[in-house]
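2 protein chains.
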Amino acid sequence: MTIPFDLSLYLVTDEQLAGPRGVVEAVGRAIEGGVTLVQLRDPKGKGRAQVEIAAALLQILRPRGIPLIINDRVDVALAVGADGVHVGQSDIPAAMVRRMIGPDKILGLSVSYASELTAPDLSVVDYIGVGPIYATATKTNAAPPIGFDGLAALAAASPVPVVAIGGVKAEHVVPALAAGAAGLAIVSAIIAADDPAAAAADFSTRIARFRAT
Amino acid sequence: MTIPFDLSLYLVTDEQLAGPRGVVEAVGRAIEGGVTLVQLRDPKGKGRAQVEIAAALLQILRPRGIPLIINDRVDVALAVGADGVHVGQSDIPAAMVRRMIGPDKILGLSVSYASELTAPDLSVVDYIGVGPIYATATKTNAAPPIGFDGLAALAAASPVPVVAIGGVKAEHVVPALAAGAAGLAIVSAIIAADDPAAAAADFSTRIARFRAT
Numbered sequence: 001m002t003i004p005f006d007l008s009l010y011l012v013t014d015e016q017l018a019g020p021r022g023v024v025e026a027v028g029r030a031i032e033g034g035v036t037l038v039q040l041r042d043p044k045g046k047g048r049a050q051v052e053i054a055a056a057l058l059q060i061l062r063p064r065g066i067p068l069i070i071n072d073r074v075d076v077a078l079a080v081g082a083d084g085v086h087v088g089q090s091d092i093p094a095a096m097v098r099r100m101i102g103p104d105k106i107l108g109l110s111v112s113y114a115s116e117l118t119a120p121d122l123s124v125v126d127y128i129g130v131g132p133i134y135a136t137a138t139k140t141n142a143a144p145p146i147g148f149d150g151l152a153a154l155a156a157a158s159p160v161p162v163v164a165i166g167g168v169k170a171e172h173v174v175p176a177l178a179a180g181a182a183g184l185a186i187v188s189a190i191i192a193a194d195d196p197a198a199a200a201a202d203f204s205t206r207i208a209r210f211r212a213t
Numbered sequence: 001m002t003i004p005f006d007l008s009l010y011l012v013t014d015e016q017l018a019g020p021r022g023v024v025e026a027v028g029r030a031i032e033g034g035v036t037l038v039q040l041r042d043p044k045g046k047g048r049a050q051v052e053i054a055a056a057l058l059q060i061l062r063p064r065g066i067p068l069i070i071n072d073r074v075d076v077a078l079a080v081g082a083d084g085v086h087v088g089q090s091d092i093p094a095a096m097v098r099r100m101i102g103p104d105k106i107l108g109l110s111v112s113y114a115s116e117l118t119a120p121d122l123s124v125v126d127y128i129g130v131g132p133i134y135a136t137a138t139k140t141n142a143a144p145p146i147g148f149d150g151l152a153a154l155a156a157a158s159p160v161p162v163v164a165i166g167g168v169k170a171e172h173v174v175p176a177l178a179a180g181a182a183g184l185a186i187v188s189a190i191i192a193a194d195d196p197a198a199a200a201a202d203f204s205t206r207i208a209r210f211r212a213t
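Chains A and B are the protein sequences, given in the same order.
Numbers 1 to 213, taken from the working numbering, label the letters of the first sequence in order.
Numbers 1 to 213, taken from the working numbering, label the letters of the second sequence in order.
Since no wrong hints were added, every one of them can be taken at face value.
Since the list gives no way to pick one copy over another, a pair counts as held whenever it fits inside one copy or between any two copies.
Computed cross-link-like contacts, DSSO-like style, restricted to lysine-lysine with a CA-CA straight-line distance of at most 30 Å:
#	residue 1	residue 2
1	139	46
2	44	139
3	139	169
Hint data in this document are derived by calculation from the structure and do not stem from the laboratory.
Input sequences plus hints: build the corresponding full structure.
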């Protein structure tokens, strides 16, 4: 049984964008606004620093039942007992990650092209992150933007839930959910906001409003 | 029971220094010259690339009984079933790594200062890598060079075997072993050599000659 998770408002961290307040404080404020899932993404961070940040995030997320997912570093996830791992196409293959983390942890995979929806990966992942919807400065070497049409095509083809990522802002809640996404993965629009709680609440409200109609 | 290992001639890989022939071919040639241990070190390499190189290295090392150790990425080591892990002071703490890899795998730790010889680390590691002996271009952000006097002081204080690393060349075999090192960790002097087998054989011969006297 996989740990229960809700992709609706999926916050992805960024050390640089969090600014001087740091990732842990930015996340602490964002979860007041209704974040449903958090991914620690720190591609330049060393292992020890990632372990320390992940442990601090678990302390604030566990009491609220918000799962913590670690980007790329399966070892960091195992070291702190995080709730899951998210890998990209150039990270350790999903099947190997699944063997390391066991059947219950959450496993996500980044997908930009239909050709990346392959059987070995899809049989072991719990969701896919689809994008980039728009070009973004957060991720270097990202694939070209796929827009909401690309999102809709991948969401229709995917047997697992899809979260939209890449330059997504509050005004994109309706087109993303209408395209079939189960949620939105947000980096800068929340983590770099002056008021991360208000920014997250804006997304939450729009998501709830879309689902009520 | 820890996997048996011999620190005498410990080859550390470097993607850049291996040049166009690549790390796997360079290692394949070096082991003809008597390398006793290999560490895959690829701090800029993504997880999938590291898994592929590690798997290819295991194919050539296993038949010869030469252990393969992975630098930093415990997850890469677990994914391919490598023989051990080597971590630095800013990587995942040694005690956490030991819990992940279990009691039998080889665990090494980089140490530059006596203050880094701490009980929690030393109770779980099988050897320490001491250096840099000389300044080196291979590792950015390295500590200042400690020389053979620094090596001797740390070797005397360490309860586990010590391998000397950092700018070590064939002419340093005698002073390194005389300072109490169990072996030498070599990057450029072998991996960047025109003839890695001959370069490794030169080290091996000098090590054997020192021990015979």
